[in-house]
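Q: Assemble the complex: chain A is given as a structure, and chain B must be docked to it using the hints.
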Amino acid sequence: MNNEEVSHEQSLVVHDLGHAAHVHHHKQSFITKYIFSQDHKIISRQFLITGIIWALIGGLFSVIFRLQLGYPDSTFPFLQDLLGHWAPGGKLDPEFYYALVTMHGTILVFFVLTAGLSGTFANFLIPLQVGARDMASPFLNMLSYWFFFSASIVMFCSLFLQTGPASGGWTIYPPLSALGDAMSGSKTGMDMWLASMGLFIISQLLAGLNYITTILNMRTKGMSMTRLPLTIWSLFFTAVLGVLSFPVLLSAVVLLLFDRHLGTSFFLSDIVIGGKILPNEGGSPILFQHLFWFLGHPEVYIIALPAMGITSEVISVNSRKPIFGYMAMVGSFFAIAALSFMVWAHHMFVTGLNPFLGSFFVLLTLLIAVPSAIKVFNWLTTLWKGSIRFTPGMLFAIGFVSLFISGGLTGIWLGNSSLDIHLHDTYFVVAHFHLVMGVASMFGMFAGVYHWFPKMFGRYMNNTLSYIHFWITIAGAYCIFWPMHYEGLAGMPRRYYDFSNWESFKMFGGLNEFISVVALIVFATQLLFIFNFFYSIFKGRKVTTPNPWGATTLEWTTPIRPGHGNWISEIPEVYRWPYDYGKDGRDFIPQTEPVGENENRH
Amino acid sequence: MIAVMKEQKNKIHPHKFTLWVALASIVMMFTGFTSAYIVKRNMANWISFQLPKIFWYSTAVIIISSITIILSRNCFRRREMKQYRLWLASTLVLGVIFVCLQYIGFTQLWHSGITLTKNVSFSFLYIIVGLHAVHVLGGVIALLVVLIKAYNVKRKNYNIVPVDLMNTYWHFVDLLWIYLLLFLVMIR
Chain A
1 MNNEEVSHEQ SLVVHDLGHA AHVHHHKQSF ITKYIFSQDH KIISRQFLIT GIIWALIGGL
61 FSVIFRLQLG YPDSTFPFLQ DLLGHWAPGG KLDPEFYYAL VTMHGTILVF FVLTAGLSGT
121 FANFLIPLQV GARDMASPFL NMLSYWFFFS ASIVMFCSLF LQTGPASGGW TIYPPLSALG
181 DAMSGSKTGM DMWLASMGLF IISQLLAGLN YITTILNMRT KGMSMTRLPL TIWSLFFTAV
241 LGVLSFPVLL SAVVLLLFDR HLGTSFFLSD IVIGGKILPN EGGSPILFQH LFWFLGHPEV
301 YIIALPAMGI TSEVISVNSR KPIFGYMAMV GSFFAIAALS FMVWAHHMFV TGLNPFLGSF
361 FVLLTLLIAV PSAIKVFNWL TTLWKGSIRF TPGMLFAIGF VSLFISGGLT GIWLGNSSLD
421 IHLHDTYFVV AHFHLVMGVA SMFGMFAGVY HWFPKMFGRY MNNTLSYIHF WITIAGAYCI
481 FWPMHYEGLA GMPRRYYDFS NWESFKMFGG LNEFISVVAL IVFATQLLFI FNFFYSIFKG
541 RKVTTPNPWG ATTLEWTTPI RPGHGNWISE IPEVYRWPYD YGKDGRDFIP QTEPVGENEN
601 RH
Chain B
1 MIAVMKEQKN KIHPHKFTLW VALASIVMMF TGFTSAYIVK RNMANWISFQ LPKIFWYSTA
61 VIIISSITII LSRNCFRRRE MKQYRLWLAS TLVLGVIFVC LQYIGFTQLW HSGITLTKNV
121 SFSFLYIIVG LHAVHVLGGV IALLVVLIKA YNVKRKNYNI VPVDLMNTYW HFVDLLWIYL
181 LLFLVMIR
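First to last, the protein sequences are chains A and B.
First residue of the first sequence? That's 1 in my numbering, and the numbers climb one at a time after it.
First residue of the second sequence? That's 1 in my numbering, and the numbers climb one at a time after it.
Worth flagging that the hints you see were computed from the coordinates, not collected in a lab.
Glycine residues also receive a C-beta, built at the ideal position from the N, C-alpha and C atoms.
Calculated pairs, DSSO-like style, for lysine-lysine (alpha carbon to alpha carbon, straight line, at most 30 Å):
#1 K11(B) <-> K221(A)
#2 K187(A) <-> K40(B)
#3 K33(A) <-> K542(A)
Looking from chain B toward chain A, a few residues come up when the C-beta cut is under 10 Å (computed):
#4 M28
#5 F30
#6 S35
#7 L116
#8 Y126
For reference, chain A alone in the conformation it holds in the complex:
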């Protein structure tokens, strides 16, 4: 029986039992349906579109500061029109350069790759793939989006402050962030950063609670934990990481606010600012770094794990092969999640950390290479001899694997405390984390958007534009970040405004220009994606079959445009794992099909 027959049969069942009432009968106004919606699918779209808007802003910032880095001697009069007093005469103000770098990091790490990525796909996929009508608490879910939205508003407003937004780096290390007199970006901009982050943390906690509870408690009949698609496993571990690590950032934020406004000295000691000796005594900025990175490192995996889950699913579906080593995949998710809590000090090797202590962190850091390598191996063996369909989603998933390998290998370099003495705070680090978590996770997100777009909006995205988007983006990503490794090895420090004062970095002038040009092109290509995305929502080719990719998982057993409640009749029961592709001479067997008598167990 193919899926269309299944859905027909289900709609017949509905008429027989007549209990689809709670799905269709309440008519909703525009506001309850699209704005204050409690439907997980709408909330996921809200997260996605907010994330896209933030990605546009964050990406634009990187283009502006790349102009400065690529052409340190030129002036761009249009910058003055755009930024006003932050670019007098078309030359970027150094203070604002730092603001741009800080906001680029903050926006991309938190608002795009945390809220935009796991917010979108956890909301969309968890109920659909575990077989639930909605999240455990749709209300908390709605609240989580609106906390994120208000965090966004606060952060967005801070961009327009007279003194500029926060500019002490996305890691907001004190004392720079704790003292308003330290720089103009440490004044109101920093307070708004902290307020926004407080709201954001609440949003992530509410979201995480819901994800965990839904996955553990709301699975449909027969959906045991080992029958969950790997996307759900990855989102589960992501949520666990978020729930356990964001509160620690909250405590750091609280302590920092006390230091800023109530005169305590948690992070401040013996500081002279503008010739004035401050009364603060006994604090330690290193303490902040410990608290920050205790969140900050799991945060890296909060960003990376959903992309890994999406990649696993998309690669398996489009290779028409079961995922290789399902349990190894789950185990490595667990290992990565557990290890991610024990490696935070590798961000602090050169802060005066006890070298003996450092050696433990080196060991634990390098251990993460093991589960990561298991995952890469499994993705490659899933691709191996598959009947690969190069859909746009699949290309981005393969692109993720490529970037994850390239960026991951340099992680082994940086994880060594001795090598880190040379490499810390250079462009080598910038290249490493942009490849392995920045661009790679963006690729995971693109893969997810292209793959589930038919389910989200009932239409396809344009393929030609998607292919152009993919090829320029992957080539551009390597052209931007590959040269940065060389710059970093030569000792070029990150976060600097202008390198032309150093004789030794003059040789990189041309290279920096090249990187900036490519960055501009890649940014323009993303506009193509955004156009494709919004155009296809309204005008894309319509989806006519409920299961366009021939996938086994539950979300494709719903109607093409599922309403609130997802399934018209009863929630389907699950009889098998989600990766029965190319089994017993059949292309795929949906999870809802009972295991036949003569069928091999997987």
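A: Only chain B this time, still in chain A's reference frame:
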């Protein structure tokens, strides 16, 4: 949704589970504070302090409030709604008394020269105890909501889940306080 929940009778109720995960995340926040406290304590310039006696009285109050909320739940299960409201109200009052006692304790500390900004150890004391009090206040507000609902004559509700949630949270802030008190007494 209801159908799904019925199917999963032997599983823990999703809202209860959500609360447990939320408690785990609150624990993590206090772990952040207390481990920062330990790290800081091993550095120079740490002045140890004596907790005011009144904190012991507040401890007694919050323990008693935990007992009264258990009693209220027992009455609820026996459908003795009058008793239930009475015990719930007394829990609420005890909660408010607890917060007031903490406040008096802070004023005593302040007057004995242990002010917020004088030393990092004092700052930590204020923040840790203060944030716990904020969590108790949150519980008091929740209690108020449950109590108002219990007095609603128009709509009788015999659903045990909100009562259980309230119980769990209240015992949690109680245990959290006992832990913090022991922590602050033993590690100064």
